[in-house]
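A.B. asks: Whole structure, please, built from the sequences with the hints as guidance.
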Amino acid sequence: MRDFFQRFCENRGALVGLVVLTVIILVAITAPLLSPVDPWRSLGRPLQPPGGEFALGTDMLGRDVLAGILHGARISLWIGILSAVVAALIGVTMGAIAGFFGGWVDDVLVRITEFFQTIPSFIFAILLVAILTPGLTSIVVAIAVVTWPPIARLARAEFMTLRSREFVEAAVLSGVSRPRIILREVLPNAVSPLIVMGSLTVATAILTESALSFLGLGDPNRISWGYMIGAARTVFRHAWWLSVFPGLAIVLTVLAINLVGEGLNDALNPHLKGRRVGVQ
Amino acid sequence: MGQDTTSTPLVSIEGLRISLPLGSDRVMAVDGIDLSVKPGKILCIVGESGSGKSMTAHAIMGLVPKPLKVEGAIHFDGHNLADIAPSVHRGIRGSRIGMVFQEPMAALNPVMKVGKQIEEVFRFHNIPGPYDDRIVALLDSMGLPEPELLRHAYPFRLSGGQRQRVMIAMALALDPALLIADEPTTALDVTTQKQILNLLKTAQHERQMSIMLITHDFGVVAEIGDEVAVMQEGRIVERGAVKDVLHDPQHPYTQTLLAAVPDLSPRPAADAEPAPLLSAANVSKTYRTRSGWFTPGREVHAVQNVSLQLGRGETVGVVGESGSGKSTFARIVVRLLTADEGDVRLDGVDANLLDLDTRQLAPLRKRVQMVFQDPFASLNPRRTVFEIVAQGLRAHGVGRREARRRVEELLDLVALDPSAADRYPNAFSGGQRQRIGIARALALEPDVIVADEPVSALDVSIQARVLDLFADIQKRLGIGLLFITHDLRVAAQICDRVIVMRKGEVVEAGTSAQVLFDPQHEYTRLLIDSIPGRGQMPKKHGPATAAAEAMERTRE
Numbered sequence: 001m002r003d004f005f006q007r008f009c010e011n012r013g014a015l016v017g018l019v020v021l022t023v024i025i026l027v028a029i030t031a032p033l034l035s036p037v038d039p040w041r042s043l044g045r046p047l048q049p050p051g052g053e054f055a056l057g058t059d060m061l062g063r064d065v066l067a068g069i070l071h072g073a074r075i076s077l078w079i080g081i082l083s084a085v086v087a088a089l090i091g092v093t094m095g096a097i098a099g100f101f102g103g104w105v106d107d108v109l110v111r112i113t114e115f116f117q118t119i120p121s122f123i124f125a126i127l128l129v130a131i132l133t134p135g136l137t138s139i140v141v142a143i144a145v146v147t148w149p150p151i152a153r154l155a156r157a158e159f160m161t162l163r164s165r166e167f168v169e170a171a172v173l174s175g176v177s178r179p180r181i182i183l184r185e186v187l188p189n190a191v192s193p194l195i196v197m198g199s200l201t202v203a204t205a206i207l208t209e210s211a212l213s214f215l216g217l218g219d220p221n222r223i224s225w226g227y228m229i230g231a232a233r234t235v236f237r238h239a240w241w242l243s244v245f246p247g248l249a250i251v252l253t254v255l256a257i258n259l260v261g262e263g264l265n266d267a268l269n270p271h272l273k274g275r276r277v278g279v280q
Numbered sequence: 001m002g003q004d005t006t007s008t009p010l011v012s013i014e015g016l017r018i019s020l021p022l023g024s025d026r027v028m029a030v031d032g033i034d035l036s037v038k039p040g041k042i043l044c045i046v047g048e049s050g051s052g053k054s055m056t057a058h059a060i061m062g063l064v065p066k067p068l069k070v071e072g073a074i075h076f077d078g079h080n081l082a083d084i085a086p087s088v089h090r091g092i093r094g095s096r097i098g099m100v101f102q103e104p105m106a107a108l109n110p111v112m113k114v115g116k117q118i119e120e121v122f123r124f125h126n127i128p129g130p131y132d133d134r135i136v137a138l139l140d141s142m143g144l145p146e147p148e149l150l151r152h153a154y155p156f157r158l159s160g161g162q163r164q165r166v167m168i169a170m171a172l173a174l175d176p177a178l179l180i181a182d183e184p185t186t187a188l189d190v191t192t193q194k195q196i197l198n199l200l201k202t203a204q205h206e207r208q209m210s211i212m213l214i215t216h217d218f219g220v221v222a223e224i225g226d227e228v229a230v231m232q233e234g235r236i237v238e239r240g241a242v243k244d245v246l247h248d249p250q251h252p253y254t255q256t257l258l259a260a261v262p263d264l265s266p267r268p269a270a271d272a273e274p275a276p277l278l279s280a281a282n283v284s285k286t287y288r289t290r291s292g293w294f295t296p297g298r299e300v301h302a303v304q305n306v307s308l309q310l311g312r313g314e315t316v317g318v319v320g321e322s323g324s325g326k327s328t329f330a331r332i333v334v335r336l337l338t339a340d341e342g343d344v345r346l347d348g349v350d351a352n353l354l355d356l357d358t359r360q361l362a363p364l365r366k367r368v369q370m371v372f373q374d375p376f377a378s379l380n381p382r383r384t385v386f387e388i389v390a391q392g393l394r395a396h397g398v399g400r401r402e403a404r405r406r407v408e409e410l411l412d413l414v415a416l417d418p419s420a421a422d423r424y425p426n427a428f429s430g431g432q433r434q435r436i437g438i439a440r441a442l443a444l445e446p447d448v449i450v451a452d453e454p455v456s457a458l459d460v461s462i463q464a465r466v467l468d469l470f471a472d473i474q475k476r477l478g479i480g481l482l483f484i485t486h487d488l489r490v491a492a493q494i495c496d497r498v499i500v501m502r503k504g505e506v507v508e509a510g511t512s513a514q515v516l517f518d519p520q521h522e523y524t525r526l527l528i529d530s531i532p533g534r535g536q537m538p539k540k541h542g543p544a545t546a547a548a549e550a551m552e553r554t555r556e
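Chains as they are written, first to last, in full-length UniProt numbering: chain A, 1 to 280; chain B, 1 to 556.
Be careful, since some hints might not be right.
[What the hints assert, rightly or not] Cβ-Cβ distance ranges computed for the label pairs, FRET-style:
(1) Gly103(A) / Gly397(B): 23 to 33 Å
(2) Phe376(B) / Phe4(A): 16 to 26 Å
(3) Gly129(B) / Gln117(A): 46 to 56 Å
(4) Gly13(A) / Ser87(B): 31 to 41 Å
(5) Met112(B) / Val105(A): 51 to 61 Å
(6) Gly102(A) / Asp77(B): 51 to 61 Å
(7) Ser49(B) / Val105(A): 35 to 45 Å
[What the hints assert, rightly or not] Mimicking EDC-like on lysine to aspartate or glutamate, the simulated pairs with C-alpha atoms at most 20 Å apart in a straight line are:
(8) Lys503(B) / Asp189(B)
(9) Lys366(B) / Glu445(B)
(10) Lys366(B) / Glu169(A)
(11) Lys366(B) / Glu409(B)
(12) Lys66(B) / Glu10(A)
(13) Lys113(B) / Glu146(B)
These aren't lab readings, by the way, just hints derived from the structure by calculation. Note that CB positions come from ideal geometry on N, CA and C, so glycine has one too.
C.D. replies: Structure follows, in structure tokens:
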């Protein structure tokens with residue numbers, strides 16, 4: 001475990017990413033304390049530039065942009081993490097079963113995975129949200145449904161190589177049950193690449209959520225960064241701050257998550273990292 | 001080459017030191033060694049894994065991995081290779097010093113035709129073409145069939161022995177004065193090993209070059225070496241002419257290594273006919289590759305009509321080279337693979353094991369257990385030794401406390417400390433891991449243990465101790481042991497009876513003494529003749545492990 005942190009910290013970018021991400025998460029948790037106002041309420045004169053009464057200005061209805069960004073962090077992170085978890089659950093289950101059992105089970109599951117992969121993912125997500133009516137649950141479902149196939153493929157590949165390993169055969173001979181072999185013998189050995197992939201899925205999910213909100217398909221009761229940019233696009237030339245600050249928030253969050261993901265990769269799969277030279 | 005054959009050494013290493021990174025199990029990989037290779041001679045460096053022998057060779061080639069520091073001097077051709085500009089070193093590498101690696105598949109570029117790879121050697125050293133005739137001549141001199149065609153083949157088309165010949169051809173392309181061979185035959189079958197060693201000897205003789213050969217097997221040293229240096233933990237503990245060292249080893253470590261080489265003396269046959277335990281009759285398995293659109297289907301008869309009997313307390317060896325079907329047969333017996341046909345019966349079970357489905361088989365699984373070849377791949381790195389050894393007990397409903405007690409007993413039985421239970425496999429050496437694997441197989445008190453090459457991944461000295469452990473456990477518990485191996489020496493040491501397999505078929509079967517001293521089939525004779533160092537090794541004085549144990553005591 002100490003090795004893990006040491007290797008993680010060796011990657012400077014990952015450390016910076018971790019700090020930024022921690023700050024964003026803290027902001028998301030404490031948003032109601034930092035900015036006890038309702039981000040939907042109009043508080044002052046519309047379209048005030050940043051630096052005045054309101055640090056990041058106000059929008060066309062006089063709502064505080066800073067409050068929007070602080071509260072928007074909650075929804076972006078929440079949706080990002082939740083949909084990545086759901087996608088990982090679907091993907092790992094499908095991939096594990098396909099990879100471990102092989103044969104016709106594998107054939108069927110791979111066909112299903114491919115079916116999902118042939119549909120352009122963003123259009124599919126739009127379609128799903130439109131059908132399910134916009135809301136937190138439908139967005140999470142839509143994002144999870146379009147992001148699980150790559151996770152399933154990765155899990156399948158890992159399970160396929162691991163299931164023929166001798167320690168799995170030894171477990172079979174000892175009479176250990178199949179589900180137990182999958183969960184206790186194989187999964188722990190496949191988990192590092194999956195964690196890395198999962199962390200990157202969070203970043204993708206945040207982007208997808210922003211894009212959906214931008215198109216007006218977000219949860220109408222919750223403010224989100226994508227919604228803020230979408231609403232501001234008509235006044236972009238007079239009030240740049242309305243799109244730039246939420247945009248920066250998205251860039252910063254996604255970048256931080258990607259950096260952390262890369263650091264996790266270095267720490268969990270040290271042999272893949274070309275810079276370290278070990279002695280055999 | 002214009003090298004005179006006086007005794008001025010071709011390479012002389014003085015005070016070579018290579019330090020390991022902090023936190024390794026010792027400070028120095030190579031700790032102040034002096035060594036010289038005389039022109040036209042073969043020097044063997046012998047030692048166990050981790051003794052620093054490969055690192056020494058890599059230092060000569062300038063291949064020591066980056067953060068490690070090389071100190072001392074390596075004199076060659078008026079250069080000090082330990083302290084030389086990389087560009088000059090690159091010129092020497094390949095042209096004046098050639099190298100052959102252990103694993104030819106990993107050392108050849110898989111997506112490049114072998115002829116092209118040899119051509120690169122000429123190109124990189126700015127030797128003008130045309131190359132075609134030279135490459136063909138070179139491949140021909142390596143004893144490769146149809147060199148004209150073979151040079152257009154990709155490495156995966158060649159057999160292991162052919163690949164190693166191509167590697168040697170590359171190393172010898174520019175007539176180097178020194179050839180460094182790092183365990184060149186370890187990955188090969190015994191018959192191929194013999195051929196490659198002969199090839200190296202002939203090439204050395206024809207070209208009057210020197211060879212530095214790194215090996216862990218004293219048999220290979222006896223077969224090919226002129227001089228030998230024995231390395232232990234980064235130091236040279238003994239060096240001298242091969243004959244002297246073999247017959248009169250001075251250092252206790254050399255004596256241990258020599259004692260550990262199994263010789264061809266079969267263990268005495270059992271007096272009484274043992275009670276039958278497991279019998280296999282006419283087991284066959286054929287692999288079929290589906291015919292694709294452009295490729296015809298292929299059939300490989302992995303196992304054909306193999307039969308054997310195994311009695312209680314008896315050890316039966318299945319001997320053969322890679323591809324002989326011995327591992328497939330082992331996996332069929334434990335039902336990790338299904339056979340096409342055959343009849344496998346276990347004492348007390350009134351059915352053909354091969355006909356049972358998974359559910360019927362479940363209660364019988366514990367009676368037949370397996371020990372695997374690779375001590376690294378066969379233990380789950382994410383689980384503690386306790387969890388690994390106890391998994392079968394737990395799966396059969398033994399409580400945690402009871403399982404704990406059993407695991408400690410088992411660890412004691414395989415001569416490991418009970419405190420090992422709470423550690424992870426990476427804390428153990430290869431030999432210790434194999435003991436854990438044996439403890440796992442014993443946990444369910446099986447009647448039969450199928451051991452698939454259980455010692456072939458281990459150093460010779462550790463092999464001897466694991467084999468003794470097998471013999472001891474078998475004597476105590478009366479287990480029937482089916483022992484799969486490619487090494488006739490090992491089979492002779494541990495088996496009561498032996499069957500020899502080739503291409504899926506049994507070519508010879510009998511007691512160890514019959515098969516080893518009165519082989520009827522020419523293939524068995526070939527296998528016996530191929531044992532390295534046969535006839536050159538000194539006779540054993542005492543049991544192999546007496547010296548090993550003495551060594552262990554001095555170490556502590």
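A.B. asks: All hints, please: hold or fail.
C.D. replies: Hint check:
{"no.": "1", "hint": "Gly103(A) / Gly397(B): 23 to 33 Å", "result": "holds, 30 Å"}
{"no.": "2", "hint": "Phe376(B) / Phe4(A): 16 to 26 Å", "result": "holds, 21 Å"}
{"no.": "3", "hint": "Gly129(B) / Gln117(A): 46 to 56 Å", "result": "holds, 49 Å"}
{"no.": "4", "hint": "Gly13(A) / Ser87(B): 31 to 41 Å", "result": "holds, 34 Å"}
{"no.": "5", "hint": "Met112(B) / Val105(A): 51 to 61 Å", "result": "violated, 38 Å"}
{"no.": "6", "hint": "Gly102(A) / Asp77(B): 51 to 61 Å", "result": "holds, 57 Å"}
{"no.": "7", "hint": "Ser49(B) / Val105(A): 35 to 45 Å", "result": "holds, 41 Å"}
{"no.": "8", "hint": "Lys503(B) / Asp189(B)", "result": "holds, 14 Å"}
{"no.": "9", "hint": "Lys366(B) / Glu445(B)", "result": "holds, 7 Å"}
{"no.": "10", "hint": "Lys366(B) / Glu169(A)", "result": "holds, 13 Å"}
{"no.": "11", "hint": "Lys366(B) / Glu409(B)", "result": "holds, 18 Å"}
{"no.": "12", "hint": "Lys66(B) / Glu10(A)", "result": "holds, 18 Å"}
{"no.": "13", "hint": "Lys113(B) / Glu146(B)", "result": "holds, 15 Å"}
Consistency note: the structure conflicts with earlier hint 5 alone.
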